[in-house]
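Taken in order, these protein sequences are the chains called A and B. By numbering that gives the first Met the number 0, the letter at position 239 of the first sequence is numbered 238, and the numbering carries on one by one without gaps. By numbering that gives the first Met the number 0, the letter at position 336 of the second sequence is numbered 335, and the numbering carries on one by one without gaps.
Derived from the structure by calculation, the hints contain no laboratory data. None of the values given here were measured: they were computed from a predicted structure. By construction, the Cβ of each residue, glycine as well, lies at the ideal position given by its N, Cα and C atoms. Take the hints with a grain of salt, since some may be wrong.
To be verified - One side only, chain A facing chain B, incomplete, derived with CB under 7 Å:
(1) LEU84
(2) SER99
(3) GLU120
(4) LEU123
(5) ALA143
(6) GLY195
Stated by the list, open to error - Simulated restraints on C-beta separations:
(7) GLU76(A) with HIS97(B): 28 to 38 Å
(8) ARG188(A) with ALA169(B): 32 to 42 Å
(9) PHE97(A) with LYS174(B): 52 to 62 Å
(10) ARG185(A) with HIS97(B): 14 to 24 Å
(11) ARG121(B) with PHE113(A): 49 to 59 Å
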Amino acid sequence: MSASAGDDVVQVEDVTLGYGDVIVQEHLSFAVHAREVFAILGPSGSGKSTLLRTMTGLYRPRHGRILLDGNDIYAAEGEQRSRLLRQFGVTFQSGALFGSMTLLENVRLPIDEFTDLDPGEKELVALAKLNQVGLGREGGKMPAELSGGMQKRAAIARAMALDPRVLFLDEPSASLDPIASSGLDRLVRELSHELGITIVVVTHELGSVYAIADRCVLLDREARTIVAEGRPADLRDHSRDPRVRRFFQPELEPDRGAIAL
Amino acid sequence: MRKRGAFSEEMVADGSDLELREEAAGQVLVVVRGSLDFRTAKRIRERLTSGLSGRTINSLTIDMSAVGRGDTFGLVVLHEMKEGDWALGIQARVVGLHPELSRILAAFPTEQGSALALEAPRPGIAEMAGQWSIRLARSAREHVLFIGTVVQALGQAIVRPRRMRWREVARVFEKAGVDALPVLSLVSGLFGINVALEGAQPLAQFGAEIFTASIIGRTVVREMGPLLAAFVLAGRSGSAFAAELGTMKVNDELDALVTMGLDPVRFLVVQRVLASTLLAPLLAVYSIAVGTGAGILIMGKLGFSPAVSWSVLSDWVTLKDIVFGISKSVIFGVAVASIGCERGLQTEHGASSVGASATRAVVGGIVLIVAVDAMFAVVAFALKI
Chain A
0 MSASAGDDVV
10 QVEDVTLGYG
20 DVIVQEHLSF
30 AVHAREVFAI
40 LGPSGSGKST
50 LLRTMTGLYR
60 PRHGRILLDG
70 NDIYAAEGEQ
80 RSRLLRQFGV
90 TFQSGALFGS
100 MTLLENVRLP
110 IDEFTDLDPG
120 EKELVALAKL
130 NQVGLGREGG
140 KMPAELSGGM
150 QKRAAIARAM
160 ALDPRVLFLD
170 EPSASLDPIA
180 SSGLDRLVRE
190 LSHELGITIV
200 VVTHELGSVY
210 AIADRCVLLD
220 REARTIVAEG
230 RPADLRDHSR
240 DPRVRRFFQP
250 ELEPDRGAIA
260 L
Chain B
0 MRKRGAFSEE
10 MVADGSDLEL
20 REEAAGQVLV
30 VVRGSLDFRT
40 AKRIRERLTS
50 GLSGRTINSL
60 TIDMSAVGRG
70 DTFGLVVLHE
80 MKEGDWALGI
90 QARVVGLHPE
100 LSRILAAFPT
110 EQGSALALEA
120 PRPGIAEMAG
130 QWSIRLARSA
140 REHVLFIGTV
150 VQALGQAIVR
160 PRRMRWREVA
170 RVFEKAGVDA
180 LPVLSLVSGL
190 FGINVALEGA
200 QPLAQFGAEI
210 FTASIIGRTV
220 VREMGPLLAA
230 FVLAGRSGSA
240 FAAELGTMKV
250 NDELDALVTM
260 GLDPVRFLVV
270 QRVLASTLLA
280 PLLAVYSIAV
290 GTGAGILIMG
300 KLGFSPAVSW
310 SVLSDWVTLK
320 DIVFGISKSV
330 IFGVAVASIG
340 CERGLQTEHG
350 ASSVGASATR
360 AVVGGIVLIV
370 AVDAMFAVVA
380 FALKI
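Chain B with its partners taken away, still in its complex shape (with noise of 0.2 Å):
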């Protein structure tokens, strides 16, 4: 039963204890004693919406000049109550509080959110696809400005050739090539054999299964050998370049060359560049002639002859086809190149930016091989070549 008054008092937590007194009609007055922090808030607040609820209340008063110690975590509940973003609704009035914590008090926001940009409205999808047009076009359109100024600098670097820092080209001759090759051997050779395993199945139903040599002919040397040379070279070198760039594009050294008078494009990226157009055919090449030698070592399993092999698959394999695919694979150098420096230099700040510049990297990288090989097929189709 509660009395007039003093209608409640109890002990909160350790050490602290809570007494709500009606002074007069709808005036109440609440007293803190003790603490005031992360361990005791929450039953505080929770005593005091028990309490008070129910209650008509005009004026709600807390008296905290008998409290000792107090947190951000506690002041918290307190700041909520003289906003009156609590349950209740009444702003109260904080009074005897001590300078220290008042000062914490004071740090909170007191028009909330007005701190942070608020958010956006979400577009609909109307908006959003025409946002991400525009935003496909921009980049398409800086890519083929970025291609035109590293063709230009590659212009200048064979009229002046002296200027061309060459041992730059050789290092990522080695990087992106010498050390690529165990992978692509992988690769390579484990696709000649699916080739193999694969074709030779529906193939010997007709009972021509000498002719899964030529499948693996054309499929390796048109198609696959350059395709997995380039997906390789963008997995391991195009996201090196973004990231080498992005890295350096955090550090200022990119600033650092510009005020110096140096492009970073000419320093930098042409020899990458170069280097991978230079590249990419030989590692097309080398895909090409293991995945092919990976094949007719099945076929030899399957009980034909090597030299039986390679006969039916010289009969079906061209000079053109190889020029074919060793021309594809130049623009898959250029492509994969460019696109891993572009990302580089367009890296924004910090470390998870790089990482995010080496990402993009490798899926443009992807997605420019793709879409270029189906340009070649369709030209490919359209001229019988």
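So here's chain A without its partners, still in its complex pose (with noise of 0.2 Å):
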């Protein structure tokens, strides 16, 4: 089901990443369609967390633009740009869930700020984000009481405490438990196939990419861009390049770090 241009939600338009001196990407280009799973994929050090930041409006890319909707978020200011950001929900890898308040509290957060809800209405809201990740009855638990994944759910809960347009995840299944990382990858799959969320993903997991991700892109580590772009099985089964190879297929592909025997 491929989309059209129409439907692109997030552009990323020839954008280059770095720190300090260092490029870590250039000439990244890719369109995020809506109501899909999109996955940024690649080795370790690769800057693929550099990019979801990027994306998400919290480091300002070296060149390059990031379109929401056709609107460039770095070139708007002010209440324009934090209306545009609003629109994102973003988990982190660690969570990121306020320690010091419960979970409800932790997703009442940006509704209590950005909404004039009644105060009961603000507690149903909450209550329905928490109940659409199967928290529903932990409401009322710090997070230090809970499990690492249940602290991921949470924190889906609270990115899409505002109906955003997108949903970033960064690395949802890092630390994770086999089951409870095959529970956030059935969580993903829900959200997006039911409520229609589009869903940005990044990740290095190989199952959860084929499990959740719709299209993918792969950032080189050496050549410093994007080497391939595509659903993540044709990727794995049809490219021959030798880095989509190595990435998709470590068993089969002998790279440096192997043994020559």
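Both chains come to you apart, so use the hints to assemble them.
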């Protein structure tokens, strides 16, 4: 189900990322379509998380533009910028829940700040968000009382609090056991298929990529740019590019790390 | 003028409208068109409330099949109508909802509040006083037990000094001792000046200004020198101990020690308690020296040479006073370090509890210092020391 250009929600246009004098990635261009799960893949150190932070308005790119529905998020200022960024929901690797608040308070925080509902309705909305991630009964608990997987779910509920256009997930299954990790994959799929949320996920877990992603881009550390774009399974089965094969089928491709027998 | 049948139809907000129709007596159909989201929700509800109020309604049906766009903030209105927690008190039937929107609607809790623990009833004053006393007694008991454990570990360290981490003791000595000298100089010096200035005026009325020196000696040596040193120790180091150990607790480092067969008290606490027990009297001596020095300096400004001030001061301050002040400060050192470490080990989860532990360490330390000081004062008074 390839989407037309009119369905592009987020567009990355010729973006260059870097710290100090170091260029991490350059000439990055791709578009995320409405209602798809889009994965940003790459080995450690290839700049995936930096790209995600650039896409969500945290790091200004060295060059290029990030567009949300055609609006450049870094060109906007003040309230207009804040309104654009509010259409993004972001979760971080660590979950980044506020440790001094209960789950319900964590989810309620953006709702309190940015909506003018009655207090009771704010509570209802926050509970609905927790229900959507399967934590409806845990609202009174503190983050530290929860398992890693539950914390990730709660972080997703908070990221969804304002009904974002796009949900960004940074390594959602990092440091989770396989069961919690596949539970989270299932949740991501549900949010995408049942609620129609557009999701951008950064990951290097291949299993979860095949399970959730409609399309992906692969960043390469040496080439410092995108070396492949498409459906994960297609890239795995049909790509001739050794860099792509090395990422998708590490067991088949002898690389520098392997011992030649 | 409303007609029976379609009794109102109006544009609510950009791109959405609302139609209310009375199908039969008391049976109302509401057709929502366009979008039901955060922009339109409030007005749609207001329209419904005003359109339906004053009518006898037996059943309310909401037709959502013409709604193309919606979000959680619009659907919260629909949820309230469906549940009947709305001003009208009728449970509405919702039809024709888009599957994605009905997923959002389904996520709202049906029995409100069940998901959260209900607030406990507020206890009365007597009950609160009782609970507070029990907590206080329990905490005192825990502190005594903890000091017992520390003393035991300290004993083992003396029996087997090779197993003690002396380098850690030296580190704490530097951090809590040497690094504390500037601030201790400041507060002790200022205190010496204060006593001289405050004491000189009333004594001058009796022509006894010279005895300001004796007041400086008595207060600084017996009370303020040891107290200021202990307060600085509590503020700088007691809190640091709590934060260090608390952070380790939060990061599971203490559990890691235990699984390696190491006792956190022996491995981390003993060094800190030992270092501050040795440090407190040294800091007290330093504070006394700076305080009397500053006082004598002010006496000079009042016209008394340092030699005269010193001879008066030494007449009034005996070895007994010095021993009294210093021995107090040893106990202050134990109290500050042990409460700091204990609060650190009691840290619960999360970064905020580390901050809470540091605060509790400082407050507990200061309370303990003053309590111990009061006991010394009572004993000294009774024994006429």
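Going through the hints against the structure:
Of the supplied interface hints, the one on LEU84(A) is violated, with its beta-carbon coming no nearer than about 16 Å to a beta-carbon of chain B, more than 7 Å. Given hint, SER99(A) at the interface with chain B, holds; its Cβ is 4 Å from that chain's nearest Cβ, closer than 7 Å. With a cut of 7 Å, the hint placing GLU120(A) at the interface with chain B holds, because the nearest CB-to-CB distance is about 5 Å. Because the closest C-beta pair between LEU123(A) and chain B is about 5 Å apart, less than 7 Å, the hint holds.
Checking ALA143(A) against chain B by beta carbon gives a least distance of about 3 Å; that is within 7 Å, so the hint holds. For GLY195(A), the suggested interface contact is upheld, since its CB lies about 5 Å from the closest CB of chain B, less than 7 Å. Taking the beta carbon of each, GLU76(A) and HIS97(B) are about 36 Å apart, inside 28 to 38 Å as hinted. With their beta carbons about 58 Å apart, ARG188(A) and ALA169(B) fall outside the hinted range of 32 to 42 Å.
About 31 Å separates the C-beta atoms of PHE97(A) and LYS174(B), a value inconsistent with the hinted range of 52 to 62 Å. ARG185(A) and HIS97(B) have their C-beta atoms about 23 Å apart, which keeps the hinted 14 to 24 Å range intact. Range check, ARG121(B) to PHE113(A): about 33 Å between beta-carbon atoms, so the 49 to 59 Å window is missed.
Hint compliance for this structure: hints 1, 8, 9 and 11 are broken, all remaining hints hold.
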